[in-house]
Amino acid sequence: MKAWKKALAGTLSLAVLAACGGNDNNTEETPAGNDNGDNNGGELSGEIEVWGWNVAAASMELAIEGFNEIHPDVEVNVQDIGRLDLYDRLTVGLAAGGAGLPDVVLVETDRIDNYMSEFPEGFLNLSEYGFDQYEDKFAQAKINSMKNADGDFIAAPWDFGPAAVFYNVEIFEEAGVNPDDIETYDDYIEAGIQIHEATESQLLPIDISQDDAQFRMMMNQQGTYYFDEDGNIDIASDEAVLAMEKIKEMRENDLIANVDGWDGTVTATVNGRVATVPFGVWYAGTIMDQAPEQEGNWDIFPLPALEEGGNRAANLGGSDLAVIGATENPDAAYAFVEYFTTETDPQMAALEEYGMFPSLLETYEHETFDEESEFFNNSAIFRTFAEISEDVPFANYTSDYARAFRYSADAQASALLQDAEPADALREAAERIANESGRDINE
Amino acid sequence: MTTKKKTTNILKKIGLYTLLLIGVFISVFPFYWMFIGATNPSGQIFSIPPNLTPGDHFFENLRNLNETVGIWRVMMNSLIITLVFTLFSVIICSAAGYAFAKYKFKGREAIFFALLLAIMIPYHVTLIPLFQLMADLGWLNTYQAVILPNLAYPFAIFLMRQNMRSLPDSLLEAARVDGAGEFRIFFTVVLPTMRPALAAVAIFLFMFQWNNFLWPLVVLGSSDMYTLPVALSSLVGLSRVDYGQIMLGTTLSTLPIMIFFLLLQRQFISGILGGSVKE
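Taken in order, these protein sequences are the chains called A and B.
So that you can map any letter, position 383 of the first sequence is 383 in our numbering, and since no number is skipped, the others follow by simple counting.
Whatever position you read off the second sequence (first residue = 1), add 1000 for our numbering.
Worth flagging that the hints you see were computed from the coordinates, not collected in a lab.
Where is the CB? At the ideal position from N, CA and C, for every residue including glycine.
Check each hint, because a few of them may be wrong.
Derived DEER-like restraints, expressed as beta-carbon distance ranges [claimed, not checked]: (1) A:G130 / B:L1133: 37 to 45 angstroms; (2) B:I1257 / A:N178: 19 to 27 angstroms; (3) A:A198 / B:N1066: 44 to 52 angstroms.
Some chain A residues flagged as far from chain B (calculated, every beta-carbon gap over 10 angstroms) [claimed, not checked]: (4) E43; (5) R83; (6) N232; (7) D345.
Make the full structure from the sequences, and use the hints.
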């Protein structure tokens, strides 16, 4: 009878022992001091871990070789983690004081403000390490989002999402629409009606109740966003209302394919349900991946302007690198971030291999930008995107971006699906954001 | 009269079977679609009209999947974590349920009430403190960090206690009179009669741990320690998604659950039948 007791006790204590056993993380290597005098390489050593997702992670992986030519003793270890998973882990890790986090992390531009305000000590102040010297090398619209309230760099700018309209050449030809004639959203809607009559295709996909990408691009074009430069709520401004009215006009003419999320957008693109997709430059890679048989059938034209002669440049998406404040090797981590974001080579490799579009201005002089893409109807699409990115107005994402995004999508749904007046719907969104964030609404 | 009755019977049967067939179709089709996706290249999934025949990309998808997430290693991680967890958790939860049901001790009701409250605490509330604890113990990125925190699973304890209550006290007393110790009673008298309940709880715990996502995601740092759901989730990036790989990964991840369920289902059914015959 007592054998049972012993057996059970034995198993339990074994389990506890096993539990205590596998503790072998972070064997910190201290390689022999490599102090042979030159102030460039050889000083830094150790191991750094970098988190990113998908092609962005792969792009950073590409840069390791070049980085190791300068700093041979730093071992860089890139982890590919799903985008939203990365944020979950980052948030939990920062809340636990930096436990379990890597040294360098990829963060989308529109999320940085939020992390900066939630965790002021979470990321390393890059200005203290001398990142200010690169200030003029990037598109200005990008730079402003990298800084904290004191004007210090908290993240290093990387990829940019200049937006344009991807269009299906075959459908345009079938409907007899010339993309060069589309200069304003009125032209765009007119073309859409013509296309919808001549073919079965609608004009563009929007996930009406979940995503307001089109609305954001149109606000950005006009130099505004959910919030203005001072952080006041601008979502009910004349510009924003005008943008939402245009979108509503598209809906009333049955030009919007109401798709379900990312997968729905891709499906509609590939099977010809829509003739155009206004999106950031990163969508080029998606079309090439998911519809390889449609080579030569896609091309781009710049976003239409809201008024004749108005600005046609906007940005959608983009990401940046930040160094975790609790890193044990800040010098090596900073060196990697500095190399990756400010040198031309890794930027060009990321563009050529994975279509990650740099915000480092000097890369635009590279001949790759003038290469004609066979997939995109032999157009030099990267040149067009480079030109667009120089005219992108600044967007102030702020720490309340996520809230504003949610209410903005709600407003879009009530304007388009429940037939509310855009001005009223946006006004309501502005008031809700004000309620939650305590920010002022621009009158 | 009788022929008329027969024909209505046959008609009833036809109606019933068509209904069942429709039900079967609705529940099996998603799996079939998943299998189609797993054997085709990514772009095929979006074609119109939908492609309903298996393709020849199975091995290519498998190779790609192994390259991107190391699928065999990830399967091993998931299996080890889930099996070890299920084994210990079933023992602990049934022992606890037995104690709550059959022993009288001070504060029993209070402790049980606290346990019921614990079921109601949302998982996210405990996430950060638990993570901090694992970090302080130096257990991040280890199996035990995933296995240990949930071993005493309140709902499973509750379920076992409810089942144990129906156990006749006279059975236990008879065993005690025969001179069996408490542990012996538990393992040789109580547990065998509880087979259906044990199987149900085991399936429940297995599925819970196999599909568990947020906690393993947060505590397992490096990709060679990932469990299946975490690894599959890492396939979904910002703009490029290989649906062929994802479909194959989900197909692989449903297999162990099916096998485990089929294995225990027999216990389940024989247990129920055994009970019904006795009474």
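Against the structure, the hints:
{"no.": "1", "hint": "A:G130 / B:L1133: 37 to 45 angstroms", "verdict": "holds, 38 angstroms"}
{"no.": "2", "hint": "B:I1257 / A:N178: 19 to 27 angstroms", "verdict": "violated, 55 angstroms"}
{"no.": "3", "hint": "A:A198 / B:N1066: 44 to 52 angstroms", "verdict": "holds, 47 angstroms"}
{"no.": "4", "hint": "E43", "verdict": "holds, 27 angstroms"}
{"no.": "5", "hint": "R83", "verdict": "violated, 5 angstroms"}
{"no.": "6", "hint": "N232", "verdict": "holds, 30 angstroms"}
{"no.": "7", "hint": "D345", "verdict": "holds, 23 angstroms"}
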